[in-house]
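For reference, the chains in residue letters:
There are 2 protein chains.
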Amino acid sequence: MTDTSKSQAPSRRSLIGWGGAGLALGAAAAGGAVAMARTGNDVDPTAAETGAPVEFHGAHQAGIATPVQDRLHFAAFDVETDDRAEFVRMLKDWTVAARRMTAGQPVGEGAYGGLAEAPPDDTGEALGLKPSRLTLTIGFGPSLFEKFGLADMRPEALVDLPKFSGDNLDKNRSGGDLCIQACADDPQVAVHAIRNLARIGFGKVVIRWSQLGFGKTSSTTPEAQTPRNLMGFKDGTRNIAGTETDRLKKFVWVDEKDVDEKSAWMTGGSYLVARRIRMHIETWDRTSLQEQEDIFGRDKGEGAPVGKAKERDEPFLKAMKPEAHVRLAHPDTNDGATILRRGYSFTDGTDGLGRLDAGLFFLAYQRDVRKGFIPIQRSLAIDVLNEYIQHVGSAIFAIPPGVRDKDDWWGRTLFSREA
Amino acid sequence: MTDTSKSQAPSRRSLIGWGGAGLALGAAAAGGAVAMARTGNDVDPTAAETGAPVEFHGAHQAGIATPVQDRLHFAAFDVETDDRAEFVRMLKDWTVAARRMTAGQPVGEGAYGGLAEAPPDDTGEALGLKPSRLTLTIGFGPSLFEKFGLADMRPEALVDLPKFSGDNLDKNRSGGDLCIQACADDPQVAVHAIRNLARIGFGKVVIRWSQLGFGKTSSTTPEAQTPRNLMGFKDGTRNIAGTETDRLKKFVWVDEKDVDEKSAWMTGGSYLVARRIRMHIETWDRTSLQEQEDIFGRDKGEGAPVGKAKERDEPFLKAMKPEAHVRLAHPDTNDGATILRRGYSFTDGTDGLGRLDAGLFFLAYQRDVRKGFIPIQRSLAIDVLNEYIQHVGSAIFAIPPGVRDKDDWWGRTLFSREA
Ligand code: HEM
Ligand code: HEM
Numbered sequence: 167m168t169d170t171s172k173s174q175a176p177s178r179r180s181l182i183g184w185g186g187a188g189l190a191l192g193a194a195a196a197g198g199a200v201a202m203a204r205t206g207n208d209v210d211p212t213a214a215e216t217g218a219p220v221e222f223h224g225a226h227q228a229g230i231a232t233p234v235q236d237r238l239h240f241a242a243f244d245v246e247t248d249d250r251a252e253f254v255r256m257l258k259d260w261t262v263a264a265r266r267m268t269a270g271q272p273v274g275e276g277a278y279g280g281l282a283e284a285p286p287d288d289t290g291e292a293l294g295l296k297p298s299r300l301t302l303t304i305g306f307g308p309s310l311f312e313k314f315g316l317a318d319m320r321p322e323a324l325v326d327l328p329k330f331s332g333d334n335l336d337k338n339r340s341g342g343d344l345c346i347q348a349c350a351d352d353p354q355v356a357v358h359a360i361r362n363l364a365r366i367g368f369g370k371v372v373i374r375w376s377q378l379g380f381g382k383t384s385s386t387t388p389e390a391q392t393p394r395n396l397m398g399f400k401d402g403t404r405n406i407a408g409t410e411t412d413r414l415k416k417f418v419w420v421d422e423k424d425v426d427e428k429s430a431w432m433t434g435g436s437y438l439v440a441r442r443i444r445m446h447i448e449t450w451d452r453t454s455l456q457e458q459e460d461i462f463g464r465d466k467g468e469g470a471p472v473g474k475a476k477e478r479d480e481p482f483l484k485a486m487k488p489e490a491h492v493r494l495a496h497p498d499t500n501d502g503a504t505i506l507r508r509g510y511s512f513t514d515g516t517d518g519l520g521r522l523d524a525g526l527f528f529l530a531y532q533r534d535v536r537k538g539f540i541p542i543q544r545s546l547a548i549d550v551l552n553e554y555i556q557h558v559g560s561a562i563f564a565i566p567p568g569v570r571d572k573d574d575w576w577g578r579t580l581f582s583r584e585a
Numbered sequence: 167m168t169d170t171s172k173s174q175a176p177s178r179r180s181l182i183g184w185g186g187a188g189l190a191l192g193a194a195a196a197g198g199a200v201a202m203a204r205t206g207n208d209v210d211p212t213a214a215e216t217g218a219p220v221e222f223h224g225a226h227q228a229g230i231a232t233p234v235q236d237r238l239h240f241a242a243f244d245v246e247t248d249d250r251a252e253f254v255r256m257l258k259d260w261t262v263a264a265r266r267m268t269a270g271q272p273v274g275e276g277a278y279g280g281l282a283e284a285p286p287d288d289t290g291e292a293l294g295l296k297p298s299r300l301t302l303t304i305g306f307g308p309s310l311f312e313k314f315g316l317a318d319m320r321p322e323a324l325v326d327l328p329k330f331s332g333d334n335l336d337k338n339r340s341g342g343d344l345c346i347q348a349c350a351d352d353p354q355v356a357v358h359a360i361r362n363l364a365r366i367g368f369g370k371v372v373i374r375w376s377q378l379g380f381g382k383t384s385s386t387t388p389e390a391q392t393p394r395n396l397m398g399f400k401d402g403t404r405n406i407a408g409t410e411t412d413r414l415k416k417f418v419w420v421d422e423k424d425v426d427e428k429s430a431w432m433t434g435g436s437y438l439v440a441r442r443i444r445m446h447i448e449t450w451d452r453t454s455l456q457e458q459e460d461i462f463g464r465d466k467g468e469g470a471p472v473g474k475a476k477e478r479d480e481p482f483l484k485a486m487k488p489e490a491h492v493r494l495a496h497p498d499t500n501d502g503a504t505i506l507r508r509g510y511s512f513t514d515g516t517d518g519l520g521r522l523d524a525g526l527f528f529l530a531y532q533r534d535v536r537k538g539f540i541p542i543q544r545s546l547a548i549d550v551l552n553e554y555i556q557h558v559g560s561a562i563f564a565i566p567p568g569v570r571d572k573d574d575w576w577g578r579t580l581f582s583r584e585a
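Quick mapping for you: the protein sequence lines, in order, are chains X and B. Residue numbers for the first sequence, in this note's numbering: 167 to 585. Residue numbers for the second sequence, in this note's numbering: 167 to 585.
Watch out, some of these pointers could steer you wrong.
One copy or any two copies: either way a pair holds, since identical chains are not told apart in the list.
Below are the SDA-like pairs computed for lysine to any residue, each with C-alpha atoms no more than 20 Å apart in a straight line [what the hints assert, rightly or not]:
1. K337 to D517
2. K337 to D523
3. K337 to D514
4. K370 to T449
5. K487 to A282
It is worth saying that the hints were derived from the structure and are not from the lab.
Let the sequences and hints guide you as you build the complete structure.
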């Protein structure tokens, strides 16, 4: 850490006052402005090292084109209330909390001096930690539209995912009325954020499932080192970069042209497919290097496509086996279908057979799932990789556009229109 | 990261050659010496920032007095083989792999150029990552001594833990013939290490349970910022520091005086108690600040003991409620009983009721469990904290002394003696 970086990354510690022996900072300190390292959610190469905040406001939600942070906590919620006004109030409270937490501030105005009788507004475990590039991204699942009289606001593009060959889905790890994706370089910051949102949502929403991702796989910053997945391969080499405004517009952000009157609220949003993909690690680890490289169509050390020398060299698909993952997933094989990948490796203990319950929590953002994840995943039906993986969880969410300013709130474009 | 730090932390990427397009480094590069940032497992304040390696060799195993790294992957194994020679071979193979991995090198000699037909020695996902202060610490559980004719080598101090009031133990998260504690600042490095050891052990041992810790709680470096647990309190304020040689000798390391002829192999070792402690997060979060502070006997913001101003001020126990956690856990209440805490926060998704399955994976090292964890935990029977926590997993391990040099191996003092 350099001195510059320290000044860019205010410590949460300095932003709170708690009643208690010898400590009583005022609300003024807690409410103090946080110096933002950047003003839009575009790429800032230094942010990762400084732990600086990522701007919460913008035309699009942060956490999609944002350079991928190291760790993830993802939660799917179900709605418990049938009171629309109460739900909207929660969305507004969530927005206020998210705005503060992404800026590195605790939930609530911060001065607890006079309120020893009340539970603290913030649960406290992120105090003293840097903002850590925390982003919080909200999404609405198909089942939400069965509630609150929203049925005809459901965008056509928010399809129910079809059953894919090989699927072995656990409904306790699938679906959800809404989701929050929390990404941060420090997992404690991501876990803290989900927990505090769950707490604010108490009685209105309940966590249906959640997933911790301990290591990023896909990269959206081609100039940085490409991370490796649990199969040991570089993952995210050919992806949409956070800086490729044109491709983001073409493949990720919902355009005015895509929507009708009822789904106009999605303009500037995106669609997220989340798949919990278990890897048969032990079988994979007994596979020869040659076989492993054939399966992906890239070599393991450098990540170069078959027959090429360098990771960034253009893949020559015909040099690969017909069932190679990269060949089948490539846009040229799928009528140009292109997604932005943002997945994380997970390990959740051990199954009953002494095998690590580990794999890839796959997250893909796209402008239209019918022209993104679905055709690619169909094409992967004959992927040789399938011998070593199994999709065990699945969910789809409509990701509304960004929160524009400090008076705006998550879901406003959906909930402020007449149902 | 400063330039100095970069030069201290060799990238794993530079240490391996994999067969594949455009990449064929030789074994020489892989075998090259790694510049160690330090020569003993004592404190190096700069290591956390540089990602430098921690010395594997020493009189004691690393990972105990070593400054606590940010992340944990802990695995308990059961032995499957009854062939002692085969098991000893595995311990030797593990030692070689552990020595390499802690130095930031991949498992195996590293040049895969000619071996495309064989599975790679290393699974690959830590390539390009820093050593990240990885430590690997092995332990032997009571049940191991029922195998391989080891019965009379079991030290008396390796007791079966008694049942404690409030225990609700899941046997699938308890016990184990042996354990590996992997700590590192990058979780991918810790996960990689456990996975590669499990792989080397295939057919000889099998993972019984494993636990990921996403954030350290206890600190053993008083000069650094004390981390917070999931209850939002600073945790580890009064702990044994890694630099307190005298207290380590007195409370942590097994001394010559403690052992008889049969247990002499434990000299320089320690005993580890691991407890998976679930927190009732949702109930806790509805508790008033005053109540929370009363429960611990410390304030939440600063971490100061009741009636004192600063975290490091000496606690005055009588100012605390009689059932306050700190009062009950303090050495003065327990005939001087003192442990070295090294626990981690965990969150493992959600239970069937939409509650986060989260808490503290408590790890305590001590010279004798009968004078450490057991009396303290008995004293905690009336702890008001118990309303908010439940112990759901438990294990105890004898931690053998350190691996002395490159010819030594894990468990030698136990297995090279005649049974
Ligand atoms: C555990 C499962 C998976 C693993 C281990 C995996 C791994 C990889 C790897 C190593 C690459 C090559 C490097 C790169 O360009 O990123 C890759 C490429 C790709 N994968 Fe996957 N992948 C998995 C599942 C999926 C799924 C489910 C999809 C979508 C349905 C997908 C879509 C893609 C795409 C679009 C590419 C880039 C192809 C190109 O343009 O060259 N992957 N994947
Ligand atoms: C989820 C369970 C637990 C939580 C949240 C917790 C939390 C804390 C906190 C916040 C402190 C005060 C700061 C410090 O000195 O570290 C503390 C102190 C301590 N705790 Fe715990 N603890 C837990 C379980 C245990 C257990 C099971 C034991 C041992 C049986 C234990 C032993 C100690 C000791 C020895 C101290 C230091 C007391 C002193 O010397 O002042 N704790 N704990």
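Against the structure, the hints:
1. K337 to D517: both (17 Å within a copy, 14 Å between copies)
2. K337 to D523: both (17 Å within a copy, 18 Å between copies)
3. K337 to D514: This pair counts as both: shortest intra-copy Cα distance 17 Å, inter-copy 17 Å.
4. K370 to T449: Cα proximity of K370 and T449: across copies only (16 Å, versus 43 Å in one copy).
5. K487 to A282: between (66 Å within a copy, 16 Å between copies)
No hint from the list above goes unmet by this structure.
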